[in-house]
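Given chain S's structure and the hints, the job is docking chains L and B onto it.
Protein chains in written order, with the UniProt record's numbering: chain S, 1 to 196; chain L, 1 to 119; chain B, 1 to 235.
Hints listed in this document are in silico derivations from the structure and should not be mistaken for laboratory results.
All of these numbers come straight from a predicted model, not from anything done at the bench.
Hints may be right or wrong, so weigh each one.
As the list claims (entries may be wrong) - Taking CB as the label site, the calculated pair distances span: (1) ASP125(S) with TRP36(B): 44 to 52 Å; (2) LEU69(L) with LEU106(B): 26 to 34 Å; (3) ARG122(S) with GLY27(L): 30 to 38 Å; (4) PHE81(L) with ARG200(B): 42 to 50 Å; (5) PHE83(B) with THR68(S): 26 to 34 Å; (6) ALA75(B) with ASP125(S): 35 to 43 Å; (7) ARG71(B) with VAL11(L): 44 to 52 Å; (8) GLY69(S) with PRO32(B): 20 to 28 Å; (9) ALA108(L) with ARG71(B): 50 to 58 Å; (10) PRO32(B) with PRO28(L): 36 to 44 Å; (11) THR77(L) with ARG107(B): 29 to 37 Å; (12) VAL167(B) with SER58(L): 44 to 52 Å; (13) VAL51(L) with THR10(S): 16 to 24 Å; (14) THR68(S) with ARG107(B): 36 to 44 Å.
Stated by the list, open to error - Which stretches of chain B does chain S cover? Using the computed rule of at least three CB atoms under 8 Å from a CB of chain S, they are: (15) 36-47; (16) 93-101; (17) 105-112; (18) 115-127.
As the list claims (entries may be wrong) - Far from chain L by the CB rule (all over 12 Å, computed), these chain S residues: (19) VAL7; (20) LEU8; (21) ASP111; (22) ASP115; (23) ALA118; (24) VAL119; (25) ARG122.
Note that CB positions come from ideal geometry on N, CA and C, so glycine has one too.
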Amino acid sequence: MIADGSVLDTVAHVVAAVMLLAGSFLAMVAGIGIARFPDLLARMHAATKPQVLGLALLMGGLALEIRTGVVIWTLVLVVALQLITAPVSAHMVGRAGYRTSQVRSDLLVVDELTDDLAVIERMADREGAAGRQMPAPSSSTGPSAGAGDDLVQGPEDQAGASAKAEAVEEEVLATRDPQPHDGAHEDTHEPPSGRS
Amino acid sequence: MSLGVVIACGVMVGIGAVCAVVRAERGPSMLDRVVAVDVVVATVLAAVAIVSAWTLRSDLVPVLVVLALVGFIGSVTVARFAAADKDDDKRILTREEAAAEREARRRAELEESDGGGTS
Amino acid sequence: MSPSDPTGASAGPLAPARTVPGSTRRGRPSIPAVAWLTLVWILLWGDLTWANLLGGLVAAYVVAALLPLPRVPFAGRPSLLGFLRLMGRLGLDIVVASVEVTGIALRFNREPRSGVIRVQLRSRSDLYLTLTADFCSLVPGSIIVEAHRATSTLYVHVLDLGGDGAVERARHEVLEQEARVMYALASDDEIARAGLPARRLGGAPRGAVAAAPLPADAMAAAVQAETSHADGGPR
Chain S
1 MIADGSVLDT
11 VAHVVAAVML
21 LAGSFLAMVA
31 GIGIARFPDL
41 LARMHAATKP
51 QVLGLALLMG
61 GLALEIRTGV
71 VIWTLVLVVA
81 LQLITAPVSA
91 HMVGRAGYRT
101 SQVRSDLLVV
111 DELTDDLAVI
121 ERMADREGAA
131 GRQMPAPSSS
141 TGPSAGAGDD
151 LVQGPEDQAG
161 ASAKAEAVEE
171 EVLATRDPQP
181 HDGAHEDTHE
191 PPSGRS
Chain L
1 MSLGVVIACG
11 VMVGIGAVCA
21 VVRAERGPSM
31 LDRVVAVDVV
41 VATVLAAVAI
51 VSAWTLRSDL
61 VPVLVVLALV
71 GFIGSVTVAR
81 FAAADKDDDK
91 RILTREEAAA
101 EREARRRAEL
111 EESDGGGTS
Chain B
1 MSPSDPTGAS
11 AGPLAPARTV
21 PGSTRRGRPS
31 IPAVAWLTLV
41 WILLWGDLTW
51 ANLLGGLVAA
61 YVVAALLPLP
71 RVPFAGRPSL
81 LGFLRLMGRL
91 GLDIVVASVE
101 VTGIALRFNR
111 EPRSGVIRVQ
121 LRSRSDLYLT
131 LTADFCSLVP
141 GSIIVEAHRA
151 TSTLYVHVLD
161 LGGDGAVERA
171 RHEVLEQEAR
181 VMYALASDDE
191 IARAGLPARR
201 LGGAPRGAVA
211 AAPLPADAMA
221 AAVQAETSHA
231 DGGPR
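Bound-form chain S, shown alone (with noise of 0.2 Å):
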């Protein structure tokens, strides 16, 4: 424990009171940042900031301020968690927003995700009409790591021809499915329910 008046103690203040002002400096821009940036996707990027940095220089600030145990070991779970959760709320949010479509992509420089999934989708289509084997990704990365074998164990010929079209729409469905409510089981690859 620093003793009160102490020269350590004056220092501790000025640092605490420094970080808590960047800290509420982020949070401004913050705001600042999702009230003008053109876009859904831009603008989350702006919310990550107060999220990360912010809450981090926050809540040392608090802890520099109070300086107890129990305290600094609850701050330091608040960081925890919001460090853990963070990532996937950002992920879950983006990847609605692109599979509802509101991302605008008149505004981005590169979109290889939309170039892909026209891709995914056209190599489906054809995959369905003809029924053939699947062409890449899978095919081209290894027995092992293709969609097709994650999904598909089952008998040769017709019905496994007829299982990895179903598979590629599956796979086309796991990336730009605009209805989000089927996203558990796209997630996990599951196999198709035919399967025994």
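Structure of chains L and B alone, referenced to chain S:
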């Protein structure tokens, strides 16, 4: 902590919160609002931390834990059920529009029950 | 195995570490989960006493037994130095990126030029994919909008891609993030199979990760094959 620092922090956090609320009102989509509300929660966290540092009240610390968790649950829930909404639905109605809509619905119900009664 | 084709080596006895859905529906709760929940319990109570420790263990065991999660296969070799490097660099990145994003938000005369880039990761593990995505999301200025598990591909939204070579720089940053994650957690064998230089003092020599060959991009190959097919060329 000196009063000047507290006021400066409060003003900055306040500006941030107001901007975020403006975005939450303007939308345009549900997800924009959720992100904005996330920032509002972050500014509330900041405000609680500042008050706690100013008054040295450690009983406010559990509030920080709760806020850090609740903001996350809210945005995940909304993202989970977000759907592509029509341009019409993205706007918050004004008081008059909402009243007009309620009136129209009431009249439609009235006519329906009237029609059912006379026939 | 050739270093330029790290993905081709993923088959065999050391198959990629994949979570199996429903693999732990039955069975004992995992020890890390119980330990973590106990730690949270103790931190929430605020002090370390026997009562808190035992209460936390019981509560954590009940939670982990009633709400099991899929087990994440982990065959790595954690390295303390690598972990410190990972965390130190993450903190530095967060501070630097926060300042950058602040600058962008306050520069009223210029709109940010953002974009979504595809990054093919080197490893084939769910765990490293998740951690890389997590850490990239924590750093302001990059958000993971989509993760493609089957091909270990991340789609990253980058806030400012103005200037020459910004796309390549952003891609390299994600790959270096993954390399740091792997140097902190992966086994030497996994690192070698990812085509990265061997671990030394918890990391790679300066510039070695950037010089390592880029992973074979499955999606880019698919796009190319698709375009040539659409043009009537050979597949």
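Status of the hints after comparison with the structure:
no., hint, in the structure
1, ASP125(S) with TRP36(B): 44 to 52 Å, "holds, 45 Å"
2, LEU69(L) with LEU106(B): 26 to 34 Å, "holds, 31 Å"
3, ARG122(S) with GLY27(L): 30 to 38 Å, "holds, 33 Å"
4, PHE81(L) with ARG200(B): 42 to 50 Å, "holds, 48 Å"
5, PHE83(B) with THR68(S): 26 to 34 Å, "holds, 29 Å"
6, ALA75(B) with ASP125(S): 35 to 43 Å, "holds, 39 Å"
7, ARG71(B) with VAL11(L): 44 to 52 Å, "holds, 50 Å"
8, GLY69(S) with PRO32(B): 20 to 28 Å, "holds, 25 Å"
9, ALA108(L) with ARG71(B): 50 to 58 Å, "holds, 56 Å"
10, PRO32(B) with PRO28(L): 36 to 44 Å, "holds, 42 Å"
11, THR77(L) with ARG107(B): 29 to 37 Å, "holds, 34 Å"
12, VAL167(B) with SER58(L): 44 to 52 Å, "holds, 48 Å"
13, VAL51(L) with THR10(S): 16 to 24 Å, "holds, 22 Å"
14, THR68(S) with ARG107(B): 36 to 44 Å, "holds, 41 Å"
15, 36-47, "holds (count 5)"
16, 93-101, "holds (count 4)"
17, 105-112, "holds (count 5)"
18, 115-127, "holds (count 5)"
19, VAL7, "holds, 18 Å"
20, LEU8, "holds, 16 Å"
21, ASP111, "holds, 18 Å"
22, ASP115, "holds, 21 Å"
23, ALA118, "holds, 18 Å"
24, VAL119, "holds, 22 Å"
25, ARG122, "holds, 22 Å"
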